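Asker: Place chains A and U on chain L using the hints.
Chains as they are written, first to last, in our numbering: chain L, 1 to 236; chain A, 1001 to 1232; chain U, 2001 to 2243.
Incorrect hints may appear among the rest.
Said to hold, decoys possible - Residues on chain L that point at chain A, a partial pick, calculated with CB under 7 Å:
1. F82
2. Y109
3. I113
4. P193
5. L194
To be verified - Listed below are the simulated SDA-like cross-link pairs for lysine to any residue, each with C-alpha atoms no more than 25 Å apart in a straight line:
6. A/K1051 / U/N2073
7. A/K1051 / U/N2071
8. L/K130 / L/T51
9. U/K2107 / A/L1143
10. L/K192 / A/N1095
11. L/K130 / L/A49
12. A/K1051 / U/L2050
13. U/K2026 / U/K2177
14. U/K2107 / A/L1151
15. L/K58 / A/L1219
16. A/K1232 / U/P2090
17. U/K2107 / A/A1130
18. L/K192 / A/I1101
19. U/K2026 / U/A2130
20. A/K1232 / A/S1220
21. U/K2154 / U/L2050
22. U/K2210 / U/R2200
23. U/K2154 / A/A1130
To be clear, the hints were calculated from the coordinates, so they are not data collected in a lab.
Remember, it's a predicted structure, so these values are computed and weren't measured experimentally.
Idealized CB from N, CA, C, for every residue including glycine.
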Amino acid sequence: MLEIIREYGLMLLIGEYPHGKLGGLALTLIISIVSLAVTFPCAILIALARTGQSRPLKAIASGFVHSVRAIPLLMLIFWAYFALPMAIGFPIDATYTLIIAIVVYQAAYLGEIIAAGIQGLPNGQVEAAKALGLGYVPTTFRVILPQAIFNVIPGIVNQLTTIIKESSLGSIIAVSELSYVMLQVNSNEVTKPLQIFGILAATYFILCFALSQATNWLERRIANRRTGRVLVEVIA
Amino acid sequence: MGYHLDFGKVLQGEYLDLILQGIQTTMVLFVLSWIFGLVLAIILTVVRAVKFRPTQLLVAAFVEYHRNVPMLIQLFVWYFGFAVVLPDAVNEYLNDIGAEIGYAIVALALNKAAYMSEDFRSGMRSIHPAQMEAARSIGLTYLGAMRWVILPQAWRLALPALLGQTLILFKGTSLAAGIGVAELSYQARYIEEQSFRIFEAYGIATAIYMLISFAIMWLSAVLSDRFRLRVK
Amino acid sequence: MIEFQGVSKWFGPLKVIKEISATVDKGTTIVLCGPSGSGKSTLVRTVNRLESIQEGTITVGGMDINAKSVNVNTLRTGIGFIFQQFNLFPHLTVIDNVMLPLRRIHKQSRKEALPAALLMLERVGLADKANSLPADISGGQSQRVAIARSLILKPEVLILDEPTSALDPEMVSEVLKLLRQLSGEGITMMCVTHEMGFAREVADRIWFLKNGALTFDAKPELFFSSGTHPDVRGFLSSIQKNH
Chain L
1 MLEIIREYGL MLLIGEYPHG KLGGLALTLI ISIVSLAVTF PCAILIALAR
51 TGQSRPLKAI ASGFVHSVRA IPLLMLIFWA YFALPMAIGF PIDATYTLII
101 AIVVYQAAYL GEIIAAGIQG LPNGQVEAAK ALGLGYVPTT FRVILPQAIF
151 NVIPGIVNQL TTIIKESSLG SIIAVSELSY VMLQVNSNEV TKPLQIFGIL
201 AATYFILCFA LSQATNWLER RIANRRTGRV LVEVIA
Chain A
1001 MGYHLDFGKV LQGEYLDLIL QGIQTTMVLF VLSWIFGLVL AIILTVVRAV
1051 KFRPTQLLVA AFVEYHRNVP MLIQLFVWYF GFAVVLPDAV NEYLNDIGAE
1101 IGYAIVALAL NKAAYMSEDF RSGMRSIHPA QMEAARSIGL TYLGAMRWVI
1151 LPQAWRLALP ALLGQTLILF KGTSLAAGIG VAELSYQARY IEEQSFRIFE
1201 AYGIATAIYM LISFAIMWLS AVLSDRFRLR VK
Chain U
2001 MIEFQGVSKW FGPLKVIKEI SATVDKGTTI VLCGPSGSGK STLVRTVNRL
2051 ESIQEGTITV GGMDINAKSV NVNTLRTGIG FIFQQFNLFP HLTVIDNVML
2101 PLRRIHKQSR KEALPAALLM LERVGLADKA NSLPADISGG QSQRVAIARS
2151 LILKPEVLIL DEPTSALDPE MVSEVLKLLR QLSGEGITMM CVTHEMGFAR
2201 EVADRIWFLK NGALTFDAKP ELFFSSGTHP DVRGFLSSIQ KNH
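Chain L on its own, in the form it takes in the complex:
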């Protein structure tokens, strides 16, 4: 096991870099964070459409969410990787097609999380904003969204964990992220698959377990803050 780490550890972390493209764990993290960053504004739009007053927008958003939820991510990746370049007439780097597929997929899930955050706010918040004479835009962006998003921060961090795990599908379309690199290592060292995939699993585990612990911690803190329990703790 240690031999493999000694020999391929650097590759696991950064792929072929600096002799080739950046890959490995570094690429996995970049793909995941970029995907989440791009998904976020899309998800907000979907959430606003889902919870808003406009019927056509509501129907479109709901249709999008339900359709995407009905399709395996792998299918979206195939569409993005094989069909999209055909449709637009020029090639796209596999890494980008992976990000596009994840963004489309996650927009539906993250959109629902944020929509739930908006619906979870007390009615009085909108009413109070209206009573102050605020219009739709300031009510939404100054009153509703900041609170809704704050409350669903644990859900958002949790989606990052999900995205990291989903990015492993990049190995199927030869994106040189963590899983792909280790598949390469495995074909070099044919006799040690258990160690190699053990290391791969452990790497994901450490990363995702740490993030899910962070999610739990955030959840407790935010729940406490919402119910004002922090105050009690401080006094007691």
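Answerer: Showing chains A and U alone in chain L's frame:
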């Protein structure tokens, strides 16, 4: 653009057969992993409910492994990793009978068992402790209270999450393509390579996935509504 | 009927019941009151062994309830217990809640259990709600169903732990009316409550607890008279202010 959609090309002869085989394999993966997963989940839940530290920790480790490692990697571990601990003769035999699908079912079932047991557990935890107290006050034994009061509520509370896991499992069967199981998305990819009918091949596979997913979603909505537990 | 002899209980280092000795005569109604944290809920919970005791003995009908030979489940079928939060089982209809003890303890079939359960529901005035779910009836109705459920096995003792505290004011009277009726029917009752009007009218004796000790045990006439215990006087004026 010189591309004309022609679904007829893909929906005939050999290609049609491959698609039908793909659907069949997908459904076998889905149904068998679901059943094994659910049974194992119930066992795990019971084991974890028994207050014995070592087994509780073991179950917790099992759950955390399956929740924090990508599904695809779990498939790799079984497919690439498990083979080396078996004797060559066994491997040869397994490869002859199509071991990939067996590994895929094991990996998917174990993964679902981990998630479903968590759903059961949180179902149990969302029951107010006073329910147990009230059941015992009537004179029910601990097991009687479990059987007639706690579990009937727990499975209802866990049901929406379990149904959600069912849909995730259905879509997750596509990952078995990653270890060469010839299920629906694998066949779509193969047909696309052979026929160059990209949009038709993926279009049909996507439509089939959506159709079955929608059926699962519809059934989930019906069941969730039918068995919803309303607590004041 | 129920006898406490030198009963003490600790929660960790905290002594929450302090050497209580008292008797509840058969067929009488005892009301327990006192400030919050005085141990009155804990004391009534010891009677059906929802709480254990560390010192003393409790006998019900002459039987030491903490004796090794006593089956706790059998003990509990003879003692009805009513909670502040009703604790109806939300997955069962009203009639199924009431039938549950007959079916799951006396192993009766649904058919066998139904007439008795319906009769009991009629007695608490809720026969028309038989097929409703707990989520669809009011708090007062829920508490009456809970009482019907606890009486279905014909216990000799009924214990009520603040039965009206979780109810909206307009629903308190329907539950108290039912309790008044039950008290007249010869069941032995121990009721923790702050409803002093009810205590004055229905109780045979009122127990006043403070810091885990039974400081005053008197008939209502004395309890509410000017000759009452000084602690009781303070307590009564404080709850009057809150009402």
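Asker: Given the hint that U/K2154 pairs with A/A1130, does the C-alpha gap stay at or below 25 Å?
Answerer: holds, 23 Å
Asker: Given the hint that A/K1051 pairs with U/N2073, test it: the Cα-Cα distance must not exceed 25 Å.
Answerer: holds, 22 Å
Asker: Going straight from one Cα to the other, do L/K58 and A/L1219 come out at no more than 25 Å?
Answerer: With Cα atoms ~23 Å apart, L/K58 and A/L1219 stay inside 25 Å; holds.
Asker: Starting from U/K2107, check that the Cα of A/L1151 is at most 25 Å away, please.
Answerer: holds, 19 Å
Asker: Are the Cα positions of L/K192 and A/N1095 separated by 25 Å at most?
Answerer: Answer holds: L/K192 to A/N1095 is near 19 Å, not above 25 Å.
Asker: Can the restraint linking U/K2107 and A/L1143 be considered satisfied, given a maximum Cα separation of 25 Å?
Answerer: Since the Cα atoms of U/K2107 and A/L1143 sit roughly 15 Å apart, the hinted pair holds (cutoff 25 Å).
Asker: Are the Cα atoms of A/K1232 and U/P2090 separated by 25 Å or less?
Answerer: holds, 8 Å
Asker: Check whether the Cα positions of U/K2026 and U/K2177 lie no farther apart than 25 Å.
Answerer: holds, 21 Å
Asker: Minimum Cβ distance from L/L194 to chain A below 7 Å?
Answerer: This hint holds: L/L194 lies near chain A, its Cβ roughly 4 Å from the closest one there, short of 7 Å.
Asker: U/K2107 and A/A1130 were given as a pair; does the straight-line alpha-carbon distance stay at or below 25 Å?
Answerer: holds, 24 Å
Asker: Are L/P193 and chain A close enough, Cβ to Cβ, to be under 7 Å, as the hint says?
Answerer: Holds: closest Cβ of chain A sits about 4 Å from L/P193, inside 7 Å.
Asker: Against the 25 Å threshold, does the CA-CA distance of U/K2154 and U/L2050 hold or violate the hint?
Answerer: holds, 20 Å
The structure fails to meet hints 2, 3 and 19 from the earlier list, while all remaining hints are met.
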